[in-house]
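> Chains G and L supply the protein sequences, listed in that same order.
Residue numbers 1 to 381, in our numbering, belong to the letters of the first sequence in order.
Residue numbers 1 to 186, in our numbering, belong to the letters of the second sequence in order.
Calculated directly from the structure, the hints in this document are not laboratory data.
Cβ atoms here follow ideal geometry from the backbone N, Cα and C, with glycine treated the same way.
Heads up, a few of these hints could be off.
[As the list claims (entries may be wrong)] Examples of chain L residues toward chain G, derived with CB under 10 angstroms:
#1 42
#2 114
#3 121
#4 124
#5 136
#6 138
#7 142
#8 143
#9 144
#10 146
#11 147
#12 155
#13 169
Letter by letter, the chains look like this.
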Amino acid sequence: MQARLLLEDGTLFTGRGFGAEGGSVGEVVFNTGITGYQEVLSDPSYCGQIVTMTYPLIGNYGINRDDFESIRPYVHGFVVRRHEDVPSNWRAQYTVDQLLKEYGIIGISDVDTRMLTRILRQHGTMKGILTTGNERVEELMERMGTTPLAIDQVARTSTKSIFNSPGDKERIVLIDYGAKSGILRDLTKRGCDVIVVPQDTTADEIRRLHPDGIQLSNGPGDPKDVPHAVNTIRDLLGEYPMFGICLGHQLFALACGADTGRLKFGHRGGNHPVKELETGRCFITSQNHGYAVLDESIAGTELEVTHINNNDKTIEGLKHKRYPAFTVQYHPEAAPGPYDNGYLFDRFLQMIRDNKEANPERPRQAQLSETLRGELQYAQK
Amino acid sequence: MSDSRVIMDESAIRRALTRIAHEMVEKNKGIEDCVLIGIRTRGIYLAKRVADRIMDIEGQPVPVGELDITRYRDDRPDRAKASGVLPDEELKLLVRDKRIILVDDVLYTGRTIRAALDALMDCGRPQSIQLAVLVDRGHRELPIRPDYVGKNVPTSRHEKIDVSLSEIDETDCVTIFHPREAEIGR
Numbered sequence: 001m002q003a004r005l006l007l008e009d010g011t012l013f014t015g016r017g018f019g020a021e022g023g024s025v026g027e028v029v030f031n032t033g034i035t036g037y038q039e040v041l042s043d044p045s046y047c048g049q050i051v052t053m054t055y056p057l058i059g060n061y062g063i064n065r066d067d068f069e070s071i072r073p074y075v076h077g078f079v080v081r082r083h084e085d086v087p088s089n090w091r092a093q094y095t096v097d098q099l100l101k102e103y104g105i106i107g108i109s110d111v112d113t114r115m116l117t118r119i120l121r122q123h124g125t126m127k128g129i130l131t132t133g134n135e136r137v138e139e140l141m142e143r144m145g146t147t148p149l150a151i152d153q154v155a156r157t158s159t160k161s162i163f164n165s166p167g168d169k170e171r172i173v174l175i176d177y178g179a180k181s182g183i184l185r186d187l188t189k190r191g192c193d194v195i196v197v198p199q200d201t202t203a204d205e206i207r208r209l210h211p212d213g214i215q216l217s218n219g220p221g222d223p224k225d226v227p228h229a230v231n232t233i234r235d236l237l238g239e240y241p242m243f244g245i246c247l248g249h250q251l252f253a254l255a256c257g258a259d260t261g262r263l264k265f266g267h268r269g270g271n272h273p274v275k276e277l278e279t280g281r282c283f284i285t286s287q288n289h290g291y292a293v294l295d296e297s298i299a300g301t302e303l304e305v306t307h308i309n310n311n312d313k314t315i316e317g318l319k320h321k322r323y324p325a326f327t328v329q330y331h332p333e334a335a336p337g338p339y340d341n342g343y344l345f346d347r348f349l350q351m352i353r354d355n356k357e358a359n360p361e362r363p364r365q366a367q368l369s370e371t372l373r374g375e376l377q378y379a380q381k
Numbered sequence: 001m002s003d004s005r006v007i008m009d010e011s012a013i014r015r016a017l018t019r020i021a022h023e024m025v026e027k028n029k030g031i032e033d034c035v036l037i038g039i040r041t042r043g044i045y046l047a048k049r050v051a052d053r054i055m056d057i058e059g060q061p062v063p064v065g066e067l068d069i070t071r072y073r074d075d076r077p078d079r080a081k082a083s084g085v086l087p088d089e090e091l092k093l094l095v096r097d098k099r100i101i102l103v104d105d106v107l108y109t110g111r112t113i114r115a116a117l118d119a120l121m122d123c124g125r126p127q128s129i130q131l132a133v134l135v136d137r138g139h140r141e142l143p144i145r146p147d148y149v150g151k152n153v154p155t156s157r158h159e160k161i162d163v164s165l166s167e168i169d170e171t172d173c174v175t176i177f178h179p180r181e182a183e184i185g186r
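Just chain G, with the same shape it has in the complex (with noise of 0.2 angstroms):
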């Protein structure tokens, strides 16, 4: 089955297709990672976005049980320069191509995505379209132009309901922008009683929950696009401690007054190195982002950078000179890419504990009395 991707600058793949037939529109960015397409297509901060894989061989482990990052996949369309579709793996449970059906994604193989990916590298990621159909390229361009890239992935990607995952230790309010389950699995490995709370839940209805500390997790497309959410975070700072990652890096920036703006082409891969810049310590970090915090944003805030990208020198991490509150732009709950950043998830732990000594005037919220966690069974409805 032939298949074909066609970009908004007019430059045309042909190419094999593999996983639903249709067409789809989306952006077009690519990711670095060698490993973890599994993690990839089910990340929800992919969401609206066609995917182009760097690494020519995709597929050779399969798709397993553990490696979901969500319920489902998110990708708008899957590019692979050469896609396995006999994985060899004893993890393996079906392929990318059954995967891809399931879900109604589709997938192009035999792309030169090398090309492809120096294309986006110059002009910066652009939209485009993949069909499997045998439209003429004027109507294939006349559907792009037509069909707005999507502005309400956040709420597509959020929980609909509050959920709870119990912990006997700090209980941290995840507020779900599109949330990895990783970051979910860093925190209850940790013992935290985790609730998550969909992304437009109010600043009222999460002080309701006593929670010790604020988790603001990832998140698809451009933080602008979800002003609500801003303002919550602008309500309950000071508050609570709080630990933002990706999206919820963005909108605590906007919350505290910086500005976003887009990046050329993103940074999406497992390999990203960012320095720390009170040690000067370099990390390798896991990341995807299309957005990032203005350097030139930050002066007269109340923020101070605390991480920078080793490549191009964006901001990765900032945290609050006053409130107890720091974010990073990466993925310290890595999946796919290096654990290293996993020291992040205890930094926020002792940053919550280290708050309740210094305000031991508020009341103990660990403990949460049978009554209001039946009151929150009835809040899932």
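Since the structure of chain G is provided, determine the placement of chain L on it from the hints.
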């Protein structure tokens, strides 16, 4: 040797299941097209009990199915796909285009439920899948979450949760076993 404590007795389980039954009816705006699928031994009894309560509330019977996921467990070598075993025809008919509510006793890492989802997908394409559990003990490793929870129980990994149901265990209770310090090996 370990310390044990009963965290849900017979009446607590009864009330939890009654509440869950009400929540199911409310969330699904009735029980049209709903099918309860119990997982393994105890999930099946729980599903039957919930179905009885829904019968009391709505006056309509809800079909109850059974799902044996042993052959879908990824820690067993004889998986369905490897051995060519097909899901039974009865379940296939029950699942197609229906709103499935999976019922299990304890939710832990999420592996069992993930296996159950794979098994259901092999049976055909349900309209939607919801999850009801009697006890959620935390420590999730996979992106699985329950829609109906009897009781949230924060636990440590060393502890063990045991659900007894009168249908097979003589009594109705949920017990938590806490190993003595020495046994944890710290």
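> Against this structure, judge whether each hint is valid.
Going down the list of hints, with the structure as the test:
1. 42: With a closest approach of 20 angstroms, the residue 42 of chain L hint is violated.
2. 114: holds (5 angstroms)
3. 121: holds (7 angstroms)
4. 124: violated (12 angstroms)
5. 136: holds (6 angstroms)
6. 138: Holds: closest Cβ of chain G sits about 4 angstroms from residue 138 of chain L, inside 10 angstroms.
7. 142: holds (7 angstroms)
8. 143: holds (4 angstroms)
9. 144: holds (7 angstroms)
10. 146: holds (7 angstroms)
11. 147: Since the shortest Cβ distance to chain G is 7 angstroms, the answer is holds.
12. 155: holds (7 angstroms)
13. 169: Violated - the Cβ of residue 169 of chain L stays beyond 10 angstroms from chain G, reaching only about 24 angstroms at its closest.
Comparing the model with each earlier hint shows violations of hints 1, 4 and 13; every other hint is respected.
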